[in-house]
Amino acid sequence: MEQENKWAEDLPPNCPPEMAIPPKNEIFYRLVKQFPPTEEDFYSHRKLYPEKRFKTNKCRVSSLSIFSDLSECAKLLQLPLHKNKKIVQLKLPSESGVILQTGNNSSHYSWWKTAAYNPISFCKEV
Amino acid sequence: MQRVIQHQATLIDYDSPQLVVAYDQFNVQYLCLFVECTETVDKFLCVPVSALRLKAFYQELVSLREIYENPESDEWFYADVVGEIENIRLIPIARESLSEDWLPEPEFYFKKMKAQDSVVESSPIHQFSKQQIQDLLDLLKYKPLLELLNQQHSLTVSINTS
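One line per chain: the protein sequences are D and X, in this order. In terms of our numbering, the first sequence is residues 1 to 126. In terms of our numbering, the second sequence is residues 127 to 288.
Certain hints may be false.
Unchecked claim - In silico DSBU-like links for lysine-lysine, alpha-carbon gap of 30 Å or less: (1) X:K237 to D:K86; (2) D:K91 to X:K169; (3) D:K86 to X:K238; (4) D:K124 to X:K181; (5) X:K181 to D:K75; (6) X:K237 to D:K24; (7) X:K237 to D:K75; (8) D:K6 to X:K237; (9) X:K181 to D:K47; (10) D:K33 to X:K237; (11) D:K24 to X:K181; (12) D:K6 to X:K238; (13) D:K58 to X:K238; (14) D:K85 to X:K238; (15) D:K83 to X:K238; (16) D:K75 to X:K169; (17) D:K52 to X:K238; (18) D:K124 to D:K6; (19) D:K58 to X:K169; (20) X:K181 to D:K6; (21) D:K58 to X:K237; (22) D:K6 to X:K169; (23) D:K24 to X:K169; (24) D:K33 to X:K181; (25) X:K169 to D:K85; (26) D:K86 to D:K47; (27) X:K237 to D:K91; (28) D:K55 to X:K169; (29) X:K181 to D:K91; (30) D:K55 to D:K124.
To be verified - To list a few chain D residues with every Cβ distance to chain X over 10 Å, as calculated: (31) K6; (32) P12; (33) N14; (34) C15; (35) P17; (36) I21; (37) R60; (38) L64; (39) P80; (40) L81.
FYI, nobody ran anything at the bench for these hints, they're computed from the structure. All values reported here derive from a predicted model rather than from experimental measurement. Note that the Cβ used here is the ideal one computed from N, Cα and C, for glycine as well.
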């Protein structure tokens, strides 16, 4: 039986998608506002902005974006909203949640984090 | 006339869409960049973009900065989005009021990595429907009359103000 509060956030029905799988200690990269990161750096867009209305992509906006390729993640630092952010490296164990490659960038993954996993102490600054 | 845009394709996603292709009621396409995030609204900076330029952007031949600094039609807009890009009104913005904070860094190039169902091949800028063409032709019929009325109006105004 699935644990109660398994996921870090309330997820819509059928989310995460069935195709999402647990990671196997692969390395991923994520942007954070500062180093060391805070819990908020691992909140989804939906959790950060509950007043925004999301109709078609509730599951995606409840996930966290991560990249398997450092250079692809670093490119985002050139966009207006991410200019002053930092990159952290994460090695995701299977208990950290599930991941699924999403979007047109093959190194972009959506990560649905479990409540029990706290990534902060595992983050390495890049 | 107000321009109202719909989402066509998300080119860059990071927790939420960052760079989006949208189209308006005249099938004009826009590149819309996520530039400001508040509690309730996502602000996007949008510029019209032709099919040719969009293709060049997809092939890393033109930078995102160049597209925003020198839009083909010399027009800039912003869009306040509450959630998703669906029936969003574009608000014109003057070049002088564009903040550097809203612009991407000069070296940002984008390569379309794989074919996406949602990335529709771009239709040409200003592709009108048959009805829109007919409406324009109807309007043109009245052009001499409109010009005459305009001249008379200017004359009236100048008499009244003199």
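Subject >> Hints not upheld, ascending by number >> reply: 2, 4, 8, 9, 11, 12, 20, 22, 23, 24, 29, 30, 37, 38, 39, 40
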